[in-house]
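**Q** Now for the letters of each chain:
There are 2 protein chains.
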Amino acid sequence: MKISSSKENLVYGTQIAQRCISSRAPLPILNGILLTARDHQLTFQATDLDLAIECATGVEVLEEGSVVVPARHFLEIVRRLPDQTIHLESDPQTKLLILTYGSAQFSINTLNPDEFPVFPNINGNFTQEIKQVLLKEIIRQVAFAASNDPIRPLFTGVMLEIAPHHLLFVATDTHRLAKRKIEQENPEIEQPVQTIIPARALNELYRLLKDEDLPIKISITDTHITFYTEDFIFSTRPIQGYYPDYKKVLPENYQCKILINTTELLPAIERASLLISTKEGNSIVHLTIKENYLTVQSNSVDLGSVHEEIPATREGQEIAIAFNARYLIDALKNMEAEQMAIEFTGNLGPGIIRPVSEQDYLYLLLPIRT
Amino acid sequence: MKISSSKENLVYGTQIAQRCISSRAPLPILNGILLTARDHQLTFQATDLDLAIECATGVEVLEEGSVVVPARHFLEIVRRLPDQTIHLESDPQTKLLILTYGSAQFSINTLNPDEFPVFPNINGNFTQEIKQVLLKEIIRQVAFAASNDPIRPLFTGVMLEIAPHHLLFVATDTHRLAKRKIEQENPEIEQPVQTIIPARALNELYRLLKDEDLPIKISITDTHITFYTEDFIFSTRPIQGYYPDYKKVLPENYQCKILINTTELLPAIERASLLISTKEGNSIVHLTIKENYLTVQSNSVDLGSVHEEIPATREGQEIAIAFNARYLIDALKNMEAEQMAIEFTGNLGPGIIRPVSEQDYLYLLLPIRT
Chain A
0 MKISSSKENL VYGTQIAQRC ISSRAPLPIL NGILLTARDH QLTFQATDLD LAIECATGVE
60 VLEEGSVVVP ARHFLEIVRR LPDQTIHLES DPQTKLLILT YGSAQFSINT LNPDEFPVFP
120 NINGNFTQEI KQVLLKEIIR QVAFAASNDP IRPLFTGVML EIAPHHLLFV ATDTHRLAKR
180 KIEQENPEIE QPVQTIIPAR ALNELYRLLK DEDLPIKISI TDTHITFYTE DFIFSTRPIQ
240 GYYPDYKKVL PENYQCKILI NTTELLPAIE RASLLISTKE GNSIVHLTIK ENYLTVQSNS
300 VDLGSVHEEI PATREGQEIA IAFNARYLID ALKNMEAEQM AIEFTGNLGP GIIRPVSEQD
360 YLYLLLPIRT
Chain B
0 MKISSSKENL VYGTQIAQRC ISSRAPLPIL NGILLTARDH QLTFQATDLD LAIECATGVE
60 VLEEGSVVVP ARHFLEIVRR LPDQTIHLES DPQTKLLILT YGSAQFSINT LNPDEFPVFP
120 NINGNFTQEI KQVLLKEIIR QVAFAASNDP IRPLFTGVML EIAPHHLLFV ATDTHRLAKR
180 KIEQENPEIE QPVQTIIPAR ALNELYRLLK DEDLPIKISI TDTHITFYTE DFIFSTRPIQ
240 GYYPDYKKVL PENYQCKILI NTTELLPAIE RASLLISTKE GNSIVHLTIK ENYLTVQSNS
300 VDLGSVHEEI PATREGQEIA IAFNARYLID ALKNMEAEQM AIEFTGNLGP GIIRPVSEQD
360 YLYLLLPIRT
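Chains as they are written, first to last, in numbering that gives the first Met the number 0: chain A, 0 to 369; chain B, 0 to 369.
Hints in this document: simulated from the structure, not taken from any laboratory. The reader is advised that the hints may include incorrect statements.
As the list claims (entries may be wrong) - 30 Å max Cα-Cα, derived DSSO-like pairs, lysine-lysine:
1. K130/B with K6/A
2. K289/A with K278/A
3. K332/B with K94/A
4. K130/B with K246/B
5. K332/A with K332/B
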């Protein structure tokens, strides 16, 4: 391999590819980025065997070929290069990649490209397209509700359902559930299809997406879920298994419904969350809906107590209920809506939170018995 | 105690005072901030027994008194309060401090003010005044060269010498030494006086100082070094002992002297520093001065090697020498000068770095035998 590239292009590709490098890679080769020079392009590939990422940048190719560089070390170097043309040449004898710039020369020990894992063949059966900015919103609204607990892998994923007339994203850790629906005609689909995307993969993808109306394609096979943009290809293995029927837990009626301002409710819950229950080890917030007020209460033997009243429009019965404060805050923060509708099904039944302005999103959380 | 205050003033005082709170306080009371309401002011005091800090802010005092609040918890709360008038009232019976705002009420368990350590009486024998922005520059240029090793406490401090015609700051960890002199007439002083300020205290002070020409007064006694600004009083115990005679290590002659651009030298050393020597466990950079070039070389069995040439104006002999890369980077970064003069006394003797534009600063570092 022999190429000339701007510093900028080397940094760009290395930064994207290294997002797939795990700090606990089981094999040394997985700490590497496979660089391939061909057809006026340098391609960067990295994988941790679960996630795989590929991107490319224009360079001057003097000799085609490929080489595997240690990802973090290579990134540290290219970031510190001077802002000028960098010449890269690999020497198969010494296994060195030589970077030259001006009168300087940097030699990097490389890894064996033959050991680099075969990159997934990622042509899906069918492809959905949505906007990057919308996918970011969905990931923000849904992925946080997935579990971190590897003991039950199903719940560490976000269920994606593609149906003839919609896309649906659902995540739950069994204590709470977030669901977002997108109305979209999918003429290729006759029967709804489901897959489970690791939430971790979505959170990595989130950092690569742009806050713009640029398209991203989602392609699904039994073994890979792949996201294509103009800038990169990102692939992950789906979580195997059947996602539980989340519809069963969604209540059909409510005893009490309130409308409340997020800008008043969120800071009050955040203040209440500062009081850690000695019993539970996390913060429990007690909500009482009475007349046209929601009262937020919380207390801790060590620290103190709080009592706040927030105006709320009520429909139905008065109610008293307790929630994990963290679960409430997660939802209120990620919804980014001015006004919330909260439905209560009883003091031991689930609560449902929806942004008033957006009926396609729903967050359900179970109360705490106190 | 009974006061009314803006949220802003509570946050301001708490943020400054909590800088003295250690995460490993040996006594629970040291996790507290002593609030004292008197004469239209709320005073915030905190100490970890080594450092002490005091600041005050204007409030409406309805009833004088004092209370000790848990620092981190109180800061978390006041930061999240709504932007309105906050009423604070302490109840000596329940030992609660009650914050009320709008229809809300926050009760905080407090600590016993009688247990709060007596605050140092901080009227010094004599007082120096310099500008905050200048003191920041001095701390940045000198404090990093002090040692972190508590085994030799003397070297964890910055020596301050006050002489009739100058102030002098020196720090060394015995591998390198940084020295900054300020020409200043000190008519009160007949004989030079020395004290040793803990570098840790200076680094905390650094964060409180403003990048402005505002004055800061330094007052020294045998037991306390105290810094006064309009906003706060900051006090630390000096390190006891006699600072070694640093002048002995300053060479009088050199074999070789170069002038070199920092913007070329620093990134080259930074790139070289990415190569960790397996023998030393840190990065060793080899410098060769030959003709009108400085050559930077570094290598690592695992990672690779680097070779760069940088133009330099030379006076005296050619020389080859090796340094700890970290020590070079620390100096070049903190000097913030465009051009450096480096003097070499031999390949086993100390090197001296000075900004060409500023003769009042000097950095000495010892070479590594390779």
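**Q** Hint by hint, note whether the structure agrees.
**A** Here's how the hints hold up against the structure:
1. K130/B with K6/A: violated, 42 Å
2. K289/A with K278/A: holds, 27 Å
3. K332/B with K94/A: Violated, at roughly 34 Å.
4. K130/B with K246/B: With a Cα-Cα distance of about 27 Å, the restraint between K130/B and K246/B holds, given a limit of 30 Å.
5. K332/A with K332/B: violated, 40 Å
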